[in-house]
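Asker: Here is what each chain is made of, one letter per residue.
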Amino acid sequence: MVKFEDEVVRRQRERARITAWLLGAFVVLLFFITIAKTGINW
Amino acid sequence: MPSIEMTNPAALPADWRDIVALTKPRVMSLVVFTGLCGMLAAPQLPPLVLGFTAILCIALAAGACGALNQWYEADLDAKMRRTAKRPLPDGRMDRQSALHFGVGLGAFSVLLMGLATNWLAAVLLAVSILFYVLVYTVWLKPRTPQNIVIGGAAGAFPPLIGWVAATGHFATLPLLLFAIIFLWTPPHFWALSMFVRSDYAAAGIPMLPVVAGIQNTRKQIFFYSLPMAAAAAAPWALGLTGPIYGAAATGLSLAFVVLAALVLASSAAKPSEMRAEKRLFGFSVLYLFALFAALVADRWLVW
Numbered sequence: 543m544v545k546f547e548d549e550v551v552r553r554q555r556e557r558a559r560i561t562a563w564l565l566g567a568f569v570v571l572l573f574f575i576t577i578a579k580t581g582i583n584w
Numbered sequence: 596m597p598s599i600e601m602t603n604p605a606a607l608p609a610d611w612r613d614i615v616a617l618t619k620p621r622v623m624s625l626v627v628f629t630g631l632c633g634m635l636a637a638p639q640l641p642p643l644v645l646g647f648t649a650i651l652c653i654a655l656a657a658g659a660c661g662a663l664n665q666w667y668e669a670d671l672d673a674k675m676r677r678t679a680k681r682p683l684p685d686g687r688m689d690r691q692s693a694l695h696f697g698v699g700l701g702a703f704s705v706l707l708m709g710l711a712t713n714w715l716a717a718v719l720l721a722v723s724i725l726f727y728v729l730v731y732t733v734w735l736k737p738r739t740p741q742n743i744v745i746g747g748a749a750g751a752f753p754p755l756i757g758w759v760a761a762t763g764h765f766a767t768l769p770l771l772l773f774a775i776i777f778l779w780t781p782p783h784f785w786a787l788s789m790f791v792r793s794d795y796a797a798a799g800i801p802m803l804p805v806v807a808g809i810q811n812t813r814k815q816i817f818f819y820s821l822p823m824a825a826a827a828a829a830p831w832a833l834g835l836t837g838p839i840y841g842a843a844a845t846g847l848s849l850a851f852v853v854l855a856a857l858v859l860a861s862s863a864a865k866p867s868e869m870r871a872e873k874r875l876f877g878f879s880v881l882y883l884f885a886l887f888a889a890l891v892a893d894r895w896l897v898w
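The listed protein sequences derive, respectively, from chains A and B. Residue numbering for the first sequence follows our numbering, beginning at 543 and increasing consecutively. Residue numbering for the second sequence follows our numbering, beginning at 596 and increasing consecutively.
None of these hints come from the bench; they were simulated from the model. Where hints are given, some of them may not hold.
Facing chain A, a subset of chain B residues (Cβ under 10 angstroms, in silico) [as the list claims (entries may be wrong)]:
{"no.": "1", "residue": "P608"}
{"no.": "2", "residue": "D610"}
{"no.": "3", "residue": "W611"}
{"no.": "4", "residue": "L640"}
{"no.": "5", "residue": "L645"}
{"no.": "6", "residue": "F647"}
{"no.": "7", "residue": "T648"}
{"no.": "8", "residue": "L651"}
{"no.": "9", "residue": "A654"}
{"no.": "10", "residue": "L715"}
{"no.": "11", "residue": "V718"}
{"no.": "12", "residue": "A721"}
{"no.": "13", "residue": "V722"}
A quick note: this is a predicted structure, and the numbers were derived from the prediction, not measured. Where a beta carbon is used, it is the ideal one built from N, C-alpha and C, also for glycine.
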């Protein structure tokens, strides 16, 4: 049997980790969108 | 998953799997595919990252529609066997979170589309979300058996959005792609609603088989398959596509009409005996995938 408080913490940590990864991916995507929109060629 | 020492799961923060389930990932796959095909059929392609972002935005908007649909229909979903185990009716998530998630995701997808591609594509994306949520889910679905006929327009937007994201303007071909999905939706959904009609009846949703009876629905399925087949052939007949698409559209549409005719000829009354309807429903999904795949193959290999 898992305690309610433990389950809350587990889910919050899991969601925080996923949110962090998504935000990171979004920053990278925005960087590449900016590069593409400004027409910079590597 | 271990059991939890509590009685009200909605008091917990939602599990991320339930948040994903809220976006109806399986429906999203067809939306993303048709959007991608609309983009790949365009005469010019955007840079890879912008094309990827446009498709991502279409997927996120579809997810927002799924979330807002489930938020609004949580009570109805609880009455239907097919949907009773969704996160909201099953009590694994609270409605307020679903509403916030859906609105946030929808707004984010529109803004990102506008910033990454063009604002015409963003406006179309916003219109498709609002049409699905307000016109179809809130207004038409609980009121009229024609819900899926008019509401089908919401699912027809993705190829148009994909094209506009790539080119920045409308053209005849993406409008025909819109028409194909628009006319495909009624026979596709009515075939499904034939063998789950007791679910719709239990929830009080006036789907055609519930309101007009199954024989009448069989006629409508067949009659709608004819203009759908004509719309599918139109891009080739008008010279907008080449022979690969022409052959695929002719063969696939002929098969669709034959299967719809078998539905018309069927007299099965029990869902377990509705083999013709189940076959048409299964084929209708394959039909759309194959037709749009042929469109892209034609554009890149022949045209």
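Asker: Confirm or reject each hint.
Answerer: Results for each hint:
Because the beta carbon of P608 (chain B) sits about 5 angstroms from the nearest beta carbon in chain A, less than 10 angstroms, this interface hint is met. Given the 10 angstroms rule on beta carbons, the hint for D610 (chain B) holds: about 6 angstroms separates it from the nearest Cβ of chain A. For W611 (chain B), the shortest C-beta to C-beta distance to chain A is roughly 5 angstroms, which falls under 10 angstroms, so the interface hint holds. Taking 10 angstroms as the C-beta contact cut-off toward chain A, the hint placing L640 (chain B) at the interface is violated, the least distance being around 12 angstroms.
Taken as an interface hint, L645 (chain B) checks out: its beta carbon lies about 5 angstroms from the nearest beta carbon of chain A, inside 10 angstroms. Of the supplied interface hints, the one on F647 (chain B) holds, with its beta-carbon coming within about 8 angstroms of a beta-carbon of chain A, less than 10 angstroms. Of the supplied interface hints, the one on T648 (chain B) holds, with its beta-carbon coming within about 6 angstroms of a beta-carbon of chain A, less than 10 angstroms. Annotation: L651 (chain B) was flagged as interfacial toward chain A, and the flag holds, the nearest CB pair being 8 angstroms apart, inside 10 angstroms.
A hinted interface residue such as A654 (chain B) counts as satisfied when its beta carbon comes closer than 10 angstroms to some beta carbon of chain A; here the least separation is about 13 angstroms, so the hint is violated. Restraint check, L715 (chain B) versus chain A: the minimum CB separation of about 16 angstroms is more than 10 angstroms; hint violated. A hinted interface residue such as V718 (chain B) counts as satisfied when its beta carbon comes closer than 10 angstroms to some beta carbon of chain A; here the least separation is about 19 angstroms, so the hint is violated. Violation of the interface hint for A721 (chain B) is found here, the shortest Cβ-Cβ separation to chain A being roughly 19 angstroms, above the 10 angstroms cut-off.
A hinted interface residue such as V722 (chain B) counts as satisfied when its beta carbon comes closer than 10 angstroms to some beta carbon of chain A; here the least separation is about 23 angstroms, so the hint is violated.
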